[in-house]
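J.: This is what each chain is made of:
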Amino acid sequence: MNEITSTRNLESLQTPGVTPRQVKAPDSNSFGQVLTQSLNDVNKLQKEADQAIDALASGQQQDIHNTMIAMEKADVAFRLIMEIRNKVISAYETIMRMQV
Amino acid sequence: MDFFDALHTSAAGLSAQRLRMNLISGNLANAHTTRTEEGGPYRRREPVFAAQTENSSFGEILSAYQTDMLPQVKVIDIVEDQSAPVLKYDPNHPDADERGYVGMPNINLMEEMVNLITATRSYEANVSAVKAAKEMALKALEIGR
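Respectively, the protein sequence lines represent chains A and B. Residue numbers for the first sequence follow our numbering, beginning at 73 and rising by one. Residue numbers for the second sequence follow our numbering, beginning at 633 and rising by one.
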């Protein structure tokens, strides 16, 4: 009994003067999804490079340059994703260093 | 048009030059061949290069029209030199005709060597283009540092 009355009192207190802003559900272009997508792309390129190396080593692929170019593509894409990671980490660290 | 298109275009050029190198090697190796499957002396082979967009599927053709994709070099045909064989007098040769002349391939070794150098240099140029494209991308990554 005691509890119910106490919550009723609280309800009267809680009538908000300002309605809380609706938190939007993450839309399809949220940063996390873009990041996941680009990570998947980089992973795909890495796998392509792996396949190209396998094909060259097993003799299916005769062109050295195609393998090298697949490797270069994977390298550049991986460096790009590393730069993005470094940026994200440094942004996080900057926020963590903020004085509260 | 993304960064990888430059690499793909250069890769097509590299493949084309490699095939050209193979053909020149074949020409040099067969400079004295007097017998072939189709009869007569070996005929020197030459690639025909064509600039075309990569059109293996409908989607690729469509995207090639939507984005102004660069046409890539492709070997569309390998033609045989139809000029007459060089006649050489050698009555003891097993392929000599009744007058004692042997039809030798009309391959000029100097010409083939020059073509070989051209193919090598073209290949190198394509490799330089690949390197430059990669360095450009890596320089772009340095902006964030």
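Be aware that a few hints might be false.
[What the hints assert, rightly or not] Within a straight-line C-alpha distance of at most 20 Å, the following computed EDC-like cross-link-like pairs (lysine to aspartate or glutamate) qualify:
id : chain 1 : residue 1 : chain 2 : residue 2
1  : A       : K116      : B       : E756
2  : B       : K720      : B       : D709
3  : B       : K763      : A       : E165
4  : B       : K766      : A       : E155
5  : A       : K159      : B       : E774
6  : B       : K706      : A       : D135
7  : B       : K771      : A       : D135
8  : B       : K771      : A       : E144
9  : A       : K119      : B       : D637
10 : B       : K771      : A       : E120
11 : A       : K159      : A       : E120
12 : B       : K766      : A       : E165
[Unchecked claim] Selected chain A positions facing chain B (in silico; Cβ < 7 Å):
id : residue
13 : M168
14 : R169
15 : Q171
Simulated from the structure, these hints should not be mistaken for laboratory data. Since this is a predicted model, take the numbers as computed values, not measurements. Ideal Cβ placement from N, Cα and C applies to all residues, glycine included.
J.: Starting from K119 of chain A, check that the Cα of D637 of chain B is at most 20 Å away, please.
T.: Holds. K119 of chain A to D637 of chain B sits at ~19 Å (cutoff 20 Å).
J.: Given the hinted pair K116 of chain A and E756 of chain B, is their alpha-carbon gap at most 20 Å?
T.: violated, 29 Å
J.: If you take the shortest Cβ to Cβ gap from M168 of chain A to chain B, is it below 7 Å?
T.: violated, 20 Å
J.: Taking 20 Å as the top limit, are the C-alpha atoms of K766 of chain B and E165 of chain A close enough?
T.: Cα-Cα ~31 Å, so violated.
J.: Checking one constraint from the list: CA of K159 of chain A to CA of E774 of chain B, max 20 Å. Satisfied?
T.: Since the Cα atoms of K159 of chain A and E774 of chain B sit roughly 12 Å apart, the hinted pair holds (cutoff 20 Å).
J.: Does E120 of chain A sit within 20 Å of K771 of chain B, going by the straight-line distance between their CA atoms?
T.: violated, 24 Å
J.: Between K771 of chain B and D135 of chain A, does the CA-CA distance stay at or below 20 Å?
T.: violated, 28 Å
J.: With 7 Å as the cut and Cβ atoms as the points, is R169 of chain A at the interface with chain B?
T.: Hint on R169 of chain A: violated, closest Cβ of chain B at ~20 Å, above 7 Å.
J.: Hinted pair, alpha-carbon criterion (20 Å max): K771 of chain B, E144 of chain A. Please report holds or violated.
T.: holds, 15 Å
J.: Please check whether Q171 of chain A passes as an interface residue: C-beta within 7 Å of a C-beta belonging to chain B.
T.: violated, 26 Å
J.: Would you mind confirming whether the straight-line C-alpha gap from K763 of chain B to E165 of chain A stays at or under 20 Å?
T.: Measuring from Cα to Cα gives roughly 35 Å; hence the hint is violated.
J.: With a cut-off of 20 Å on the C-alpha distance, tell me whether K706 of chain B and D135 of chain A pass.
T.: holds, 15 Å
In summary, the structure is inconsistent with hints 1, 2, 3, 7, 10, 11, 12, 13, 14, 15 from the numbered list given earlier, while agreeing with the others.
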